[in-house]
Amino acid sequence: MNTKTALIIEDNAALREMIRRRLIRRGLAIICAVDGESGIEIARKEGVDIILLDMNLPGKNGWDVAQKLKSMENTAIIPIIAITAHAMRGDRERTLQAGCDEYVSKPIDFDMLLEKIAELMAL
Amino acid sequence: MTNSLDIAWMLVAAALVMSMQVGFCFLESGLVRAKNSINVAIKNMADFCVSAVVYWLFGFGIMFGASYYGWFGIDRFLLNETGDYWLTSFFVFQMVFCGTAITIISGAVAERMRFSAYLLVALFTSGIIYPFFGHWVWGGVAGGNPGWLASHGFLDFAGSTVVHSVGGWVSFAAILVIGPRIGQFEGSDRKIQGHNLTLATGGALILWVGWLGFNGGSTLALNADVPRIILNTLLGGAFGGCSALLMAYLVFNVARIWAIMNGIIGGLVSVTACCNLISAPAAALVGTVAGVICFCGIQLFERYKIDDAVGAVPAHAFCGVWGTLAVAIFGRAEAWGTGLGRSAQFLIQLEGVVVCFLWTFITSYLFFRIFNRIMPLRVTKQEEIDGLNVSEHGATTELIDLITEMEDQELVGSFDKRVHVEPHTEVGQIAGEYNRVLDRVEEEFLRREESTRRAKQSELEAIRANEVKSNFLANMSHELRTPLGIITGYVELIQEDMNESELQTHMDDLNTIAHSSRHLLNLINGVLDISKIESGQMEVHLVSIEVQPLVDELAQTVQPLMLENNNKLQVFVEEGIENFVSDETKLEQCLLNLLANAAKFTHNGTITLSVSALAWNNGIVCYYFEVKDTGIGIPEEMRESIFQTFTQADSSTTREYGGTGLGLTITRSFARMLNGDVTVTSEVGKGSSFTMRLPANLDPTEGAARALTTPPFPTIL
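Top line first, the protein sequences correspond to chains A and B.
FYI, in our numbering the residues of the first sequence are 1 to 123.
FYI, in our numbering the residues of the second sequence are 1 to 717.
Be aware that a few hints might be false.
[Unchecked claim] Calculated Cβ distances over 10 Å to all of chain B for the following chain A residues: (1) A29; (2) I30; (3) R44; (4) E46; (5) D49; (6) M112; (7) E119; (8) L120; (9) A122.
[Stated by the list, open to error] To spell it out: a stretch of chain A is covered by chain B in this simulated footprint if at least three of its residues, at any positions, have a beta carbon under 8 Å from a beta carbon of chain B; those stretches are: (10) 3 to 15; (11) 98 to 108.
It should be emphasised that the hints constitute simulated quantities derived from the structure, not laboratory data.
Where is the CB? At the ideal position from N, CA and C, for every residue including glycine.
Can you make the complete structure from the sequences, with help from the hints?
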């Protein structure tokens with residue numbers, strides 16, 4: 001099978017569940033993580049194809065997670081889509097600087113998210 | 001042979017003459033400024049000490065000793081006659097005379113001559129100038145051959161020339177050498193004023209009293225001449241005072257104090273030489289003329305900027321000359337005892353006067369010039385400014401203490417302390433008043449500081465409150481967006497589920513939820529945008545924008561909106577427009593807002609989006625995005641307020657047409673952030689036209705810097 005796997009790192013359970021269910025419907029395999037540490041751990045061990053990363057995480061925040069992922073050899077190539085609150089000044093630059101490949105803001109425009117996932121995984 | 005009454009009269013007269021020291025002391029110290037008063041008083045006292053010592057040691061001997069060919073006496077030094085009462089009395093009388101001649105000088109040179117130098121002047125005058133000239137005129141009075149001027153027939157009864165002119169001419173030489181006081185002839189008409197004219201006036205009166213002994217005692221006997229002499233003395237002083245006063249009225253229209261005082265002294269000086277030889281009317285005339293001479297002399301000195309602090313030279317030297325000449329003019333020839341005719345006597349008098357001037361003035365002028373080289377006669381500029389009381393004697397007065405304290409405060413610039421208040425004195429009252437003024441000023445300063453502080457505080461509070469508000473809105477919007485995102489997400493999830501299972505129940509309800517959620521989300525996004533703009537967190541991202549594709553995409557996006565009210569969309573892009581630099585997201589958002597508004601307020605009409613380029617008034621090329629509709633239009637009075645938050649043309653339009661009321665506010669803010677603007681023209685019932693102007697010359701590298709500038713945005717929310 002050629003099923004692609006997406007890792008969702010998101011602390012909000014409802015949001016995480018909603019994204020998970022809607023992406024499964026589109027034929028993706030989903031792994032979830034509730035915080036940055038466990039997300040990095042999963043990305044390192046499991047072979048994931050794309051990571052959806054909430055920037056506003058408890059503990060280790062999204063920027064640190066993205067940097068960490070991009071600095072490790074076996075996770076560096078995994079594309080990351082940052083999900084941000086789009087509230088604070090400089091968010092956009094910072095996510096891209098931290099190594100994220102794309103950027104969507106909350107509330108998530110699902111069609112746009114799908115488009116970006118497709119783009120990144122086609123590469 | 002000696003009559004004890006004569007002795008008694010001579011001694012009483014000596015006491016009266018000595019009281020003139022008091023008179024001079026008061027007169028001169030009253031006529032100077034307070035900062036020099038003590039110095040002048042002390043000079044008056046010290047010069048008497050010096051002259052008395054010198055006169056006893058050798059002055060009297062030179063003046064009244066056995067004459068050496070009429071030039072100077074050669075015995076009676078350190079006089080110690082035990083048996084000759086008359087000679088002792090005569091010595092006492094002459095000793096106080098000498099003191100009088102010397103003390104005249106202290107007034108003229110007041111306020112600037114060094115104290116030690118003054119003592120030397122006193123020594124020089126009492127030891128040399130006075131006794132030599134005195135011998136020429138009076139030598140032989142106490143026995144022996146007469147002096148050479150006396151043998152020529154020169155008459156000077158009580159010393160108009162011998163005492164007063166000598167003192168006056170020495171003063172004249174001294175003031176020419178030391179020069180005028182600082183500030184006397186500089187700038188304004190305001191001359192240096194005496195600090196205590198009451199004291200000076202009292203001093204002049206004491207002088208007058210003393211003069212009765214000065215002239216009255218000069219008979220050296222209590223004889224028939226004494227009453228007339230005293231009468232003439234009184235008349236001379238009184239007429240001198242009156243004539244000088246009259247002059248003051250004529251010239252200044254005011255009874256100047258110095259005029260009457262100097263007039264009296266001038267009158268007294270002038271009758272001193274002739275009071276034993278003239279009639280009472282003549283004495284009145286002599287005094288009258290003396291008053292005029294004295295007044296004019298003072299005026300003359302002022303004109304030539306010769307600074308005589310108390311008018312000593314005109315009063316003593318000039319009037320002394322006049323009085324001496326008056327002997328030959330008004331004196332009874334038979335009483336002269338010289339056997340000369342009037343004109344011959346006048347020439348002799350003139351000779352004496354001229355000899356006095358030549359000897360006294362020239363000698364002392366040369367002496368002062370030489371002496372001034374060795375040791376300056378004058379105090380330093382700073383000492384003069386500080387006042388001789390302090391600089392010469394370390395002596396202060398309440399006034400000086402107060403001024404010093406005030407100056408210290410002025411220099412340091414610290415006003416938290418108060419000056420010392422000497423109770424029950426005028427200066428103390430001034431000090432008290434000064435302290436009260438300081439209190440009041442301090443109070444006022446505190447009040448101002450307090451209000452400034454309050455103003456600053458409330459300004460800070462206002463800024464902080466605005467920040468808190470903006471942050472609160474940003475945070476709240478963010479917090480609201482998360483659950484709202486979940487709601488819309490789950491609605492879409494359910495819709496997807498239902499589509500999959502081909503269930504159509506509640507589909508309309510779900511659509512309503514989705515629609516309302518989107519509306520709420522738009523509202524929150526709008527509020528978030530505005531709070532970001534307000535708190536300066538809105539960023540500008542300048543990129544090169546392809547105009548045609550952007551417009552095409554927009555047309556596609558708004559197509560569903562157009563269909564809602566059965567509107568048609570037309571798009572025109574002027575030829576030659578390809579791309580320009582601006583913030584794409586914001587431009588898109590603005591155009592979407594304008595198009596959505598047009599679609600909302602137009603039914604069955606046409607909406608036109610046209611893009612054109614045009615040089616604006618400052619020469620910068622601008623792009624114009626015009627959105628024109630054929631809708632309901634906007635009343636004129638509303639055309640500005642629609643750009644304010646939550647404002648629509650009519651509150652009823654909100655109910656009918658929906659919308660957040662934030663779109664135009666954000667649009668205009670964005671346009672202004674991009675150095676452009678949005679304007680509107682409209683006609684009610686026919687339609688509206690919104691034009692967004694954006695400059696085409698923005699530099700993409702400016703982006704970061706531009707985000708920092710606060711947009712020209714009215715305070716809202």
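Against the structure, the hints:
no. : hint      : verdict
1   : A29       : holds (18 Å)
2   : I30       : holds (14 Å)
3   : R44       : holds (29 Å)
4   : E46       : holds (25 Å)
5   : D49       : holds (22 Å)
6   : M112      : holds (13 Å)
7   : E119      : holds (17 Å)
8   : L120      : holds (21 Å)
9   : A122      : holds (22 Å)
10  : 3 to 15   : holds (count 3)
11  : 98 to 108 : holds (count 3)
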